[in-house]
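Enquirer: Protein chains in written order, with this note's numbering: chain A, 1 to 392; chain B, 393 to 784; chain C, 785 to 1088; chain D, 1089 to 1392.
Just so you know, these hints were derived from the structure itself, not from any lab. Keep in mind that the hints are not guaranteed to be accurate.
Said to hold, decoys possible - Heads up, incomplete: computed chain D residues facing chain B, CB under 10 Å, no partners named:
#1 Pro1189
#2 Gly1243
#3 Ser1244
#4 Gly1300
#5 Ala1354
#6 Val1368
Stated by the list, open to error - A few chain C residues that face chain A, going by a derived Cβ cut-off under 8 Å, partial list only:
#7 Phe826
#8 Leu887
#9 Arg937
#10 Ile967
#11 Gln977
#12 Gly1020
#13 Pro1024
#14 Arg1067
As the structure is a prediction and not an experimental result, all values here were calculated from the model. Just so you know, even glycine gets a beta-carbon here, dropped at the ideal spot from N, CA and C.
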Amino acid sequence: MELLEYQAKELFREMGIPVLPSQRIDHPSDLKGLRIPYPIVLKSQVKAGGRGKAGGVRFVENTIDAVAAAHTIFHLPILGEYPQVLLAESKYDSDQELYLAVVLDKDARRPVLLGSQHGGINAEAALDKIQKVVVDGEFSPFCARQLALKMGLQGELILSVSAIVQSLFQLFVQKDLDMVVINPLGISASGEVMALDGKVTVNDEALGRHPELATLTSKMAKPHKQKETPALPANLNFVDLHGNISIVCNGAGLTMATLDLVGAAGGEPANFLNLGGETWSAATPADLCERLEKALEALAEDKRVKVILVNILGSATTCSATAAVIETHLKRREGAGRPRSPLHFVVRLAGSDLDSAKECLAALKVPLFEALDGAAERAVELAEELNVKTEK
Amino acid sequence: MELLEYQAKELFREMGIPVLPSQRIDHPSDLKGLRIPYPIVLKSQVKAGGRGKAGGVRFVENTIDAVAAAHTIFHLPILGEYPQVLLAESKYDSDQELYLAVVLDKDARRPVLLGSQHGGINAEAALDKIQKVVVDGEFSPFCARQLALKMGLQGELILSVSAIVQSLFQLFVQKDLDMVVINPLGISASGEVMALDGKVTVNDEALGRHPELATLTSKMAKPHKQKETPALPANLNFVDLHGNISIVCNGAGLTMATLDLVGAAGGEPANFLNLGGETWSAATPADLCERLEKALEALAEDKRVKVILVNILGSATTCSATAAVIETHLKRREGAGRPRSPLHFVVRLAGSDLDSAKECLAALKVPLFEALDGAAERAVELAEELNVKTEK
Amino acid sequence: MLNFRADSKVLIQGITQPFGATGAALMKAYGTNVVAGVSPGFGGQTLDEIPVFDMVEGALQAVGKVDATAIFVPPYSVLDAALEAIASGIRLVLIVTEGVPPLDMVSLVKKAEETGTWVIGPSSLGIIVPGKILLGTYPAEFYTPGKVGLIGRSGSLICEIARQLTRAGLGQSLCVCVGGDAIVGSSFVEWLQILNKDESTEAIVLIGEIGGTCEEAAARYIAEAIDKPAIAYVAGQYAPKGKRLGHAGAIITAQLADLGADVGTAESKIAAFKEAKVPVAYRPSQIPDLVKKALKKSGHKAKK
Amino acid sequence: MLNFRADSKVLIQGITQPFGATGAALMKAYGTNVVAGVSPGFGGQTLDEIPVFDMVEGALQAVGKVDATAIFVPPYSVLDAALEAIASGIRLVLIVTEGVPPLDMVSLVKKAEETGTWVIGPSSLGIIVPGKILLGTYPAEFYTPGKVGLIGRSGSLICEIARQLTRAGLGQSLCVCVGGDAIVGSSFVEWLQILNKDESTEAIVLIGEIGGTCEEAAARYIAEAIDKPAIAYVAGQYAPKGKRLGHAGAIITAQLADLGADVGTAESKIAAFKEAKVPVAYRPSQIPDLVKKALKKSGHKAKK
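Modelling step: build the complete structure from the supplied sequences, incorporating the hints.
Expert: Written as structure tokens, this is what we have:
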């Protein structure tokens, strides 16, 4: 989960990384109570990149211009995303702009310090200019100095920049981040350093032990561009696409394999949803069934979906338990007066107790497959048939 | 530097270690604005032990009794120390009282977890009951569970007590402590744990990187019993005793050796003062001279001191530089109309440029010795002579 | 080196967790020699005839040295449980739990490297040697003894492919799930080494997924060091780019740490396998045929 | 094992600190082969003809491998400087700086143990081999070449005793100051081992102080393993109990970690030396005579 700039800067401030005086603006009228002196910069708080080029960053000299600019920025979508908040910040004159980051190298399985003298908007494009120090043993400040020297810094800047890198690394470890970037780190004519923009990506799996971060991310408004996604429990991995077949599966690898088979057969997935394997630390077979039930309920609301392909490879969860969930789902919807034709389901089950699942689904007229290829192909065929019907 | 109970508990609270609702009482009238319900316990905030037995801890049921008890405690010295502050705390019913601590084992050069089921007033007397886990590698919570099991705890208590030990260890490391103790850790009938009293010793050398602790310790009032010690720079090691000879020396080992020689010759030191070796990271010869100058100035105010034995083994600091400091000191005091007989000085110098030091001190009639034994013996003799004079 | 036999003694950490109890029962039913469980606060109890201890240390004092531990504790306790096992001298640590924070894994991997410990997972079904021993949570019904070694990342996909192999008459010698998380202990390459030496394995199936670079590394390693026939499959060929597909390992973004290299996509992985002359299956159902062909070819070679 | 000869190459970390510059000049004047200095931000400068670098790594690239480093950086930077030196492969690290936080030393000592690094200090005058090499900040005038090895904790007391030995015609083979802080790197016992093997050393003087247990450990070690004559002195016989005498090692309190054992007092240390049959001097001026007697006795023995 990526934080917004003003949230990242809040964390920088806590770590003693210098940031400019700034103020969060929730509404243009907040600018009348501005506590920092003009001239200021107003910055759209969106996650999307390229906001500067898109007009999401404006310099203003007085309140009247500021309010007008704020109105404009609040109504300016950046890559389809509207800001909920702006950041009003002092202006800063940099002599030089650096790029600094700490990321987790997932292959080396070590944190990595990154830095470049070529910071600013195009820093990430100039990847070959970025220097790298792998933190192999315990981190010690000399690792940060190594980066500063590799970046080609000299004199006092070695000390001031490596001190920032050290704080970034502490932030990275203390808050379990996936990535933290300062870009640019402004350097004034007098050699003062200032974090002018920043990016913090928190690790979702570690959020549970950082309540202060969880609060930040939950406060974050949902970007406007996002379509209404079905209300799903947080532990389901749901990905929205543009076709008409829903794929409901258990386990990431199997979900992808199923997606591939649908794709290879010419189908267009509307979305896919991984119910999770059965290695979830607190999971029991009952949990998997409950998750399936909720998933089906949520997907039933999506008008684009023509076919739901359910592929469950059971372990502790029996085939008949899975079939029973589908049965309950169909009956409940029928009872609620919102039936969905059983024909829209294609089910593939593997595991124990398959025979009684067969009986159960046959009674519901839900097609059941044992072979994965067959199920995927049938789902694509069915979606095409239904499409033709709709078009007629 | 040892913190007071209420300060220790403040740190416990920050770490999530359960402590009782409490309120700091600076004056008996503060009890009229008490925010915790009666009955409460009023506790004298002194560093000395044994305050319970001495009457420094009192249970009260209402405001009238509380104000009276507070008056009494504020005027009750514990081992000569008057409290500046009391702590008003809720009452707690323990079923059992444990002892928990984290200390630094200076010989093993490792932190050590300590715990005992026999907590309370006599815990430290029953040292053989205290269990020990040396934290040899990186600390991980299982080390705390090891301690809990060694202590003989069972069931849920293993988890709740080891969680406290884990927090204590984090506090120990985060704040660079020499020692942290919870005694007693109360355990209620329902198995709830509560830190009822605590002791935190911060490491003086690390204080500079913990401004929040430095603030606490500077706020701490000086115990009343302590005599007025001369105003000395913080980096001088001054120890006050009861005799009439001041020993001023450089380096801890040499200071002790000098003290031993004075003692062996039958002398009674009034105090001794280690100016520091010359390994102080920022020290230069000029620093040592400046420290000597300040030390002499401060000791001149102590009426008990008959003789000042100066023993400086110079390295970068020459003998003549040391002699010059003594000369300046004597001349300044003369000029200020507060002369002190040069005969009261016994000086021993070793190092380069001894000859000009000899000349300088001879002119001042300050006796100079090259041999340490001779200087110590002369200082003792001189003190005896002066004593006899005074008695006449 | 990995020390794991049919009679290996196994410990279960987190045995009183719901899934720990299920896992313990599963292993015991398969015939695994589960000698003890650990769950702080539950020492002295018995679960499914398995004695439960408060700490690993106490368990080993009672039952002697064990060969492996399977960890089922909650995600934020996994690092501690694994360090406890390592401190007690256990050198094969399976982490079944999902959702372990990556920086915990960074610490654990360092400790494992220092001590020569095999860490499998997190988020792993474990190891199964069909008909002999199960360390982990594989559903037994999909597996049968045979000569195909399986290495994969994601549990249910390994099961799917084992099932198809079993149905095609191809039993398995050893299946391992290295785990689906972003940072895992043992790697594809390490398991290729094991299977290459393993006498009962005659062919190896690598079940890759998009994200990370372990398939690319495995492909290079096969070209350099593996004698036995190997075939590969990569899931995620139709996956949308830049989307999170279920676990963190499966994100394709131009990760800065990669410094822009085009790795981690299905295309890059398939190209790497082709480069290494490893036959690639485009769907699970092609795998049994490819294995049969490979076995025939190598058998042919062996005869020469 | 310690690798330290008359021509050892020495690095100075913190050479631009006031005392670092003094120390560098002192060593150079003594003839020590000071090849480079390190001070971040000062790279490219030259101090006293010594080239200064921003990092240890860069210094070693320029001047080649060094045998030892002397650290003069401020107390809170010592751990980092020492870790930097160790990471660059330096295995003899002298810490001159005083006031290093104990928990930093705990980390450093662990790293030193893992890597086989000799850490001397903190708060140490270093090592001097009179007439040959000075690593540290001993004032040269008190030392003269000879056959007495000196091991002590506190710098000025070592100087005092070296001076008295020199005046009595007893030169020194090697003097080491292990440092006065509560937690130090190398121990009395390790240096006893070195001096016992050192061919130019014929007698050993141990200069102890109250606090800690290193004198007690040294006494036991002498009884068990040292062939050469050793004599001991303990400062602090008249020190008031429970007072801080200058550095943290010199506190006598019933430290809980000691679990109440009566160690650390002058009495306990003197008793330990007597138990080990090590002659004890009660004042520094007795040391030269005791050394002469011991040398005569061992010479007598050697003749037999």
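Enquirer: Confirm or reject each hint.
Expert: Hints, one by one, checked against the model:
Proximity of Pro1189 (chain D) to chain B holds as hinted, the smallest CB-CB distance being about 4 Å (cut-off 10 Å). About 5 Å separates the beta-carbon of Gly1243 (chain D) from the nearest beta-carbon of chain B, less than 10 Å, and the hint is met. Because the beta carbon of Ser1244 (chain D) sits about 3 Å from the nearest beta carbon in chain B, less than 10 Å, this interface hint is met. Look at Gly1300 (chain D): its Cβ gets to within about 6 Å of chain B, closer than 10 Å, so that hint holds up.
Proximity of Ala1354 (chain D) to chain B holds as hinted, the smallest CB-CB distance being about 8 Å (cut-off 10 Å). Because the closest C-beta pair between Val1368 (chain D) and chain B is about 13 Å apart, greater than 10 Å, the hint is violated. Given hint, Phe826 (chain C) at the interface with chain A, is violated; its Cβ is 17 Å from that chain's nearest Cβ, farther than 8 Å. A distance limit of 8 Å between C-beta atoms decides the matter here; for Leu887 (chain C) the minimum to chain A is near 5 Å, and the interface restraint holds.
Because the beta carbon of Arg937 (chain C) sits about 6 Å from the nearest beta carbon in chain A, less than 8 Å, this interface hint is met. Because the closest C-beta pair between Ile967 (chain C) and chain A is about 5 Å apart, less than 8 Å, the hint holds. Restraint check, Gln977 (chain C) versus chain A: the minimum CB separation of about 18 Å is more than 8 Å; hint violated. Restraint check, Gly1020 (chain C) versus chain A: the minimum CB separation of about 4 Å is within 8 Å; hint holds.
The interface hint given for Pro1024 (chain C) is met, as the beta carbon of that residue sits about 6 Å from the closest beta carbon of chain A, less than 8 Å. Taking 8 Å as the C-beta cut-off, the interface hint given for Arg1067 (chain C) holds, the closest approach to chain A being about 6 Å.
The structure fails hints 6, 7, 11 (numbered hints given earlier, in ascending order).
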